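When you get a sec, could you build the whole thing from the sequences and use the hints?
Protein sequence lines, in the order shown, are assigned to chains R and F.
Numbering-wise (our numbering), the first sequence opens with residue 3 and increments by one.
Numbering-wise (our numbering), the second sequence opens with residue 3 and increments by one.
Just so you know, these hints were derived from the structure itself, not from any lab.
Predicted, not measured: the structure shown is a model, and the values here were computed from it.
Take the hints with a grain of salt, since some may be wrong.
Identical chains blur together in the list; that is why a pair holds if it fits in one copy or across any two.
Calculated pairs, BS3-like style, for lysine-lysine (alpha carbon to alpha carbon, straight line, at most 25 Å) [claimed, not checked]:
(1) Lys24 / Lys199
(2) Lys199 / Lys164
(3) Lys157 / Lys199
(4) Lys169 / Lys199
(5) Lys142 / Lys199
(6) Lys169 / Lys142
(7) Lys169 / Lys24
(8) Lys24 / Lys164
(9) Lys24 / Lys142
The residues making up each chain are set out below.
There are 2 protein chains.
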Amino acid sequence: MSEMPRQRGLLFCLSGPSGVGKGTVIDEVRRRRPQVAHSISITTRPPRPGEIEGVHYYFRTPEQFHQLLVEGEILEHDNYCGNYYGTPRSPLEAMRDEGRDVLMDITVPGSLAVMENYSDVVMMFLMPPTLTELRNRLNKRGTENDSVVEQRLLKGRIEINKANLFKYVVINDELTATVDRILAIMDAEHCRYERLKGLEAFVLSH
Amino acid sequence: MSEMPRQRGLLFCLSGPSGVGKGTVIDEVRRRRPQVAHSISITTRPPRPGEIEGVHYYFRTPEQFHQLLVEGEILEHDNYCGNYYGTPRSPLEAMRDEGRDVLMDITVPGSLAVMENYSDVVMMFLMPPTLTELRNRLNKRGTENDSVVEQRLLKGRIEINKANLFKYVVINDELTATVDRILAIMDAEHCRYERLKGLEAFVLSH
Chain R
3 MSEMPRQRGL LFCLSGPSGV GKGTVIDEVR RRRPQVAHSI SITTRPPRPG
53 EIEGVHYYFR TPEQFHQLLV EGEILEHDNY CGNYYGTPRS PLEAMRDEGR
103 DVLMDITVPG SLAVMENYSD VVMMFLMPPT LTELRNRLNK RGTENDSVVE
153 QRLLKGRIEI NKANLFKYVV INDELTATVD RILAIMDAEH CRYERLKGLE
203 AFVLSH
Chain F
3 MSEMPRQRGL LFCLSGPSGV GKGTVIDEVR RRRPQVAHSI SITTRPPRPG
53 EIEGVHYYFR TPEQFHQLLV EGEILEHDNY CGNYYGTPRS PLEAMRDEGR
103 DVLMDITVPG SLAVMENYSD VVMMFLMPPT LTELRNRLNK RGTENDSVVE
153 QRLLKGRIEI NKANLFKYVV INDELTATVD RILAIMDAEH CRYERLKGLE
203 AFVLSH
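Right under this line is the structure:
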């Protein structure tokens with residue numbers, strides 16, 4: 003039987019409030035499905051010892067960064083401690099052309115920017131089971147004092163009220179179940195009619 | 003931790019050309035996930051020995067059937083050998099209220115009627131890998147002569163060109179992979195923001 007034309011990879015974005023566990027969830031998604039790619043950010047921060055260009059970050063000068071911004075190459079960006087961080091478009095397209103899905107970890111404000119700049123992205127919001135649980139998770143990190151936790155929690159409340167802007171909402175109650183849901187969303191999106199351009203023509207002619 | 007308000011079950015419809023394997027696929031979905039319900043048809047055909055009301059069919063007189071049609075209780079119907087067969091709405095609603103997903107096996111013309119009568123249904127089209135493979139499957143049944151196979155194949159070609167009316171298209175290449183995709187679609191649909199009404203209010207108040 004002839005091979006079906008290979009589908010292009012899809013772009014997924016996982017967002018959610020600070021402390022909800024995006025990093026852990028994405029690590030587990032990639033452990034269970036290693037072919038899922040992640041996006042590498044561009045930064046104007048100088049490389050730290052051991053950091054490799056194109057692995058940890060793409061390192062660019064502020065002038066280069068601004069040029070890329072002007073060219074529309076940067077889907078979302080932020081300034082942290084005087085350095086710019088951004089998500090570049092071309093590497094995502096290249097991975098998608100190879101048939102790989104890309105799963106990005108992006109802040110809630112960053113996600114809203116991505117939605118504006120890139121229509122073909124599947125937005126997922128990672129939701130804590132309760133606000134109490136989000137506070138517990140922020141406390142457990144133990145690296146912040148109470149006022150920082152309360153500040154993050156306030157920001158989290160505001161962000162939870164933006165869940166309506168996302169296509170999917172995944173409740174992060176238990177890691178395995180959460181990752182099951184994310185993988186289900188990724189698989190289901192590949193079955194959407196509009197992702198399968200040319201399928202009928204292929205089936206009818208083979 | 004308080005329990006999240008239970009989600010209502012969703013209604014899924016699996017359609018596709020004759021011979022593509024809908025029945026086998028649905029049996030396997032229900033074997034792997036027994037809580038998935040199926041819809042029981044109403045018919046005007048008299049019960050055969052051993053057939054039980056509400057298990058195999060709901061048996062109704064032609065007058066009762068037409069009354070239900072007029073009341074909008076029948077989502078789609080067909081006439082076969084002089085008897086009416088239809089899909090009733092109320093039992094689906096009752097199963098959904100219990101939190102059970104319902105997976106219906108409906109012909110392509112029936113699916114188009116369901117879409118018109120019931121907006122909250124997730125439509126899936128089961129696609130043969132190739133037309134050659136569909137012919138092989140129709141031949142393997144061995145119960146029909148060549149001209150019946152060719153007639154079904156012609157109808158199948160027309161139906162494959164209606165795949166664009168469905169939200170999801172699932173290629174039925176290998177049973178386990180096919181059922182994986184259908185379960186992924188069912189799980190992903192439960193994570194859609196619009197299915198999770200009241201979630202933010204719950205999370206923020208607990």
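*Quick one: Lys169 to Lys199, C-alpha cut-off 25 Å, is that within a copy, between copies, both, or neither?*
This pair counts as both: shortest intra-copy Cα distance 22 Å, inter-copy 13 Å.
_Up to 25 Å CA-CA - Lys199 versus Lys142, copy category_ = neither (47 Å within a copy, 30 Å between copies)
_Up to 25 Å CA-CA - Lys164 versus Lys24, copy category_ = within (16 Å within a copy, 39 Å between copies)
_Same-copy or cross-copy closeness of Lys24 to Lys142 [CA-CA at most 25 Å]_ = Within. Shortest intra-copy distance 15 Å satisfies the 25 Å Cα cut-off; inter-copy 49 Å does not.
*Using 25 Å as the alpha carbon limit, work out where Lys169 and Lys142 are close: within a copy, between copies, both or neither.*
neither (30 Å within a copy, 42 Å between copies)
*Within, between, both or neither, where Lys199 and Lys164 count as close if Cα-Cα is 25 Å or less*: between (32 Å within a copy, 13 Å between copies)
_Alpha-carbon proximity context of Lys24 and Lys199, limit 25 Å_ = Only across copies: Lys24 and Lys199 sit 23 Å apart there, 32 Å inside one copy, limit 25 Å.
*Check Lys157 against Lys199 for me: Cα-Cα at most 25 Å, and say if that holds within a copy, between copies, both or neither.*
Classified as between: cross-chain Cα gap 22 Å, same-chain 41 Å, threshold 25 Å.
*asked:* As a check of your reading, is Lys169 near Lys24 (CA-CA no more than 25 Å) within one copy, between copies, both or neither?
replied: Classified as within: same-chain Cα gap 17 Å, cross-chain 29 Å, threshold 25 Å.
Checked against the numbered hints given earlier, the structure breaks hints 5, 6 and satisfies all the rest.
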